[in-house]
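Between the sequences and the hints, there should be enough to build the whole structure, so can you do that?
Going down the list, the sequences are from chains G and E.
Heads up, the first sequence stops at 206 in the UniProt record's numbering, and the numbers go up one at a time, no gaps.
Heads up, the second sequence stops at 642 in the UniProt record's numbering, and the numbers go up one at a time, no gaps.
There may be inaccurate statements among the hints.
What the hints assert, rightly or not - On the chain G side, residues computed to face chain E include the following (Cβ under 7 Å):
#1 GLY28
#2 LEU44
#3 SER46
#4 ASN134
#5 TRP160
#6 GLY172
#7 ALA173
#8 HIS174
#9 ARG175
These aren't lab readings, by the way, just hints derived from the structure by calculation.
No residue lacks a Cβ here, since even glycine has one placed at the ideal position from N, Cα and C.
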Amino acid sequence: MSGGVRAATGTAALTTELPVGRSTGWWGMVMFVVTEATLFACLLGSYFYLRFQFGAQWPPPGIAPPTLLKPLVMTAVLLPSSLPVIWAEHGIRRGQRWRLRTGLAATFLLGATFLALQANEYAEKLREFTLTTNAYGSLFYVITGFHGLHVLVGLTMIGWLLAASLRGGSFGAHRHDRVRNAAIYWHFVDLVWVAILFTIYLSPRL
Amino acid sequence: MSTTAAPVPGASREQLDRLEEHWGERPSLRAWLTTVDHKKIGRRYLVTAGLFFALAGLSALAMRTQLARPEAGLLSPQEYNQLFTMHGTAMIFLFATPMLFGFGNFLVPLLIGARDMAFPKLNALGYWIFLFAGLFMWASLPFGAAPNAGWFAYVPLTGQQQTPGLHMDVYSLGLLFLGIATAAGSINFIVTALKLRAPGMSLNRVPLFVWAIVATGFMVIFALPALNLDNAMLFLDRRFGTHFFDPEAGGNVLLWQHLFWIFGHPDVYIIVMPALGIVSAVLPAFTRRGVVGYVLVVFAIVAISIISFGVWVHHMFATGLPRLSYSFFSAASTIITIPSGIQIFAWLATMLLGRLVVRVPLLFVIGFIVTFVLGGFTGTMFALTVFDQQVTDSYFVVAHFHYVLVGGAVFPILAAVYYWLPKITGRMYHEGLGRWAFWLVFAGMHVTFFPMHLYGLFGMPRRVYTYPSEPGWDAWNLVSTVGSYLLAVGLLLVLAGVVHAIRRGRPAPPDPWGGDTLEWSTDSPPKPYNFAVLPQVHSLHPTWDESSRESMGAGAEADRVLADGRRTLLTSELDGRRERVVEMPASSWQPLLLALAMLLFFTAMLFAWYPVAAVAAVAVAGTVATWLWPPRRPERELGVSA
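Listed below in structure tokens is the structure:
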């Protein structure tokens with residue numbers, strides 16, 4: 001085989017044409033999300049441990065059971081926010097940069113709305129109890145605050161992707177690992193909220 | 001099964017030059033601070049963990065000197081508490097795991113036939129964080145502000161009221177900081193072993209050491225979050241007045257213990273598992289055959305990593321939990337001895353069926369088996385709740401876990417030091433000096449810790465800075481102290497042996513032992529690119545097998561040289577089928593800068609400089625953002641349609 005033909009048909013050339021198999025970045029992000037999910041599991045486990053060790057009335061006397069309207073609105077904002085990023089990812093896999101940009105912007109807006117609603121929720125709750133009122137207050141603010149921090153990190157990632165995609169020369173049909181990895185993180189932040197909604201807002205009513 | 005000399009390079013002179021150009025680094029301060037070479041990072045891990053081992057060992061020596069006779073006044077109670085807390089914390093977190101991660105870093109890419117770890121920059125970051133977190137914790141000692149409530153840090157003793165001052169803040173923040181490095185390192189090992197194995201290395205051809213370090217990685221990513229959460233809550237309770245551990249306001253002190261041991265018991269295996277991997281790696285070279293029952297040993301490794309999450313309550317048998325839970329955890333603690341036993345019998349059978357070559361690494365492996373089995377024996381005694389409740393908080397427990405950890409981790413680590421020293425430094429050690437070191441360490445270890453079983457059963461409590469004169473306590477305590485000095489002399493001889501090898505040792509051939517794994521088929525020390533030709537693996541013992549060896553020599557193919565850049569191969573997770581060529585990152589300042597920004601953050605949190613901490617957090621985010629910023633590529637290469 002002559003040099004040119006060999007270079008074009010060799011294993012290296014064929015396998016670099018399109019991504020084959022999972023990338024190291026994908027595995028890295030999945031493992032990271034696994035360890036983060038374990039952290040949330042420990043946190044929610046601590047909530048139930050303290051709750052069941054505490055006694056019959058939960059939340060403790062002096063704190064009203066949480067109202068549901070606002071957290072349900074927050075859920076309605078955060079859960080669908082995964083859809084635009086999925087749509088964006090599918091778009092960039094076909095090389096459609098406009099879909100990437102539009103999808104990321106939509107997700108960013110939904111995530112930011114969620115954080116604004118959470119700030120509003122805090123403003124209301126802080127009048128009733130704080131981090132230092134009792135163990136319930138500590139759990140409430142640390143669990144929701146830790147999740148809020150994750151949303152903030154996720155939003156930073158989405159914003160960062162959006163900035164990179166607006167610059168041009170960043171993503172295309174052959175190069176979208178970063179979009180995929182950030183999307184995995186965002187879906188995770190999204191799903192964890194469901195567990196938090198159940199633990200903090202729904203479980204005291206059971 | 002022959003002792004091969006340097007392999008015939010299957011790459012041309014010109015390709016070797018190009019590899020050198022892409023991977024080599026000219027020595028300079030800049031290169032030293034920015035390198036991402038897994039071999040350099042691995043060596044640094046080993047040296048730094050060795051330094052922390054020495055500091056923690058000297059702390060122990062000071063404690064043993066204090067305990068040599070009753071009512072001694074060498075150390076004040078405050079000094080003793082800080083030394084004994086730093087001894088435990090440093091041995092567990094700053095020596096054992098980082099030392100084994102150091103071997104992992106140096107060896108995993110070599111064992112699987114790759115050119116670096118999956119995430120080389122993350123690897124460099126892990127080292128810098130480990131170094132800074134270690135210094136962060138040790139630096140508190142000269143100021144009398146070191147952690148002082150035991151490495152287990154039980155509340156309520158560690159609360160703000162009972163332990164005022166920075167002591168336990170150093171502990172919680174230090175471990176949170178270090179945890180970033182441990183988690184990053186674990187993820188790196190897992191992904192490296194999944195994706196970067198040489199073509200042909202299907203799962204059933206993966207060396208046992210790699211299996212062990214991957215299992216360890218999985219244990220870390222599931223166990224470490226519990227410790228991190230525990231420390232975060234401790235810090236919040238102490239600094240910001242939350243009530244997680246405060247029973248007066250709805251908290252619970254046992255929450256600390258549950259979370260701590262949900263991490264803590266897997267952590268015993270996190271420490272011991274890679275050490276067991278070392279044993280499985282060392283044995284074939286000195287028994288001239290593969291480890292017996294490869295599949296069973298792999299099964300044991302996986303089984304132990306899973307069951308280790310179901311035994312934590314056996315650390316809490318004296319806390320008054322429901323009886324039913326004791327039965328469950330007692331049963332699980334008994335069951336875990338089965339896979340542990342499988343491994344021990346596999347090694348014994350290997351030695352029985354093989355031809356023993358008695359060199360220093362094998363001596364340490366035999367010392368390991370003897371000591372670890374004794375520690376495991378007392379371990380099964382603790383699985384019986386009633387016995388556990390009798391001896392809890394006595395020196396019997398101290399004897400047990402030193403047999404497990406010195407036997408199960410230090411001996412294999414020393415075996416590894418002698419076994420891989422020729423590969424790491426390119427020099428042979430002095431055999432006579434090594435034998436003296438072994439016998440002194442072995443004798444010193446048993447003279448120190450065996451008597452602890454006795455005075456533990458005689459009722460001497462642990463964690464005390466001194467004791468009254470009691471029959472059976474005084475003399476045996478003196479024996480322990482003499483033993484600890486013997487052990488120290490032995491360890492000093494190990495250090496002397498390493499220094500002697502580096503200074504005066506004769507040059508090591510590529511394969512001084514006739515080993516079976518891939519690291520022995522490349523130079524000692526390996527070139528920056530590890531392998532001139534990436535191997536094609538045909539068996540579990542590639543260096544003993546003709547076709548695997550030839551794949552790097554006469555049978556080399558051009559598409560496994562990859563000399564046109566800093567490149568290595570990705571293969572499929574299960575079968576090791578070739579997937580594609582990837583470009584590896586070159587040296588960078590970002591890991592060091594990111595670790596410094598994190599150090600600033602944790603220091604600012606310690607001293608309550610919150611605005612500085614906020615600035616540091618922004619610096620961390622900024623560094624990560626530039627680190628991951630996508631390079632600009634031409635549209636055609638990206639594949640853009642709109």
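Hint check results:
1. Given the 7 Å rule on beta carbons, the hint for GLY28 of chain G holds: about 5 Å separates it from the nearest Cβ of chain E.
2. At about 10 Å, the closest approach between the beta carbon of LEU44 of chain G and any beta carbon in chain E exceeds 7 Å, and the interface hint on this residue is violated.
3. Restraint check, SER46 of chain G versus chain E: the minimum CB separation of about 6 Å is within 7 Å; hint holds.
4. Checking ASN134 of chain G against chain E by beta carbon gives a least distance of about 4 Å; that is within 7 Å, so the hint holds.
5. A hinted interface residue such as TRP160 of chain G counts as satisfied when its beta carbon comes closer than 7 Å to some beta carbon of chain E; here the least separation is about 6 Å, so the hint holds.
6. Evaluation of the GLY172 of chain G hint against chain E yields a held restraint, the C-beta minimum of about 3 Å falling below 7 Å.
7. A cut of 7 Å between beta carbons decides the hint on ALA173 of chain G: the least distance to chain E is about 3 Å, and the hint holds.
8. A cut of 7 Å between beta carbons decides the hint on HIS174 of chain G: the least distance to chain E is about 4 Å, and the hint holds.
9. Hint on ARG175 of chain G holds. Least Cβ distance to chain E is approximately 5 Å, under the 7 Å limit.
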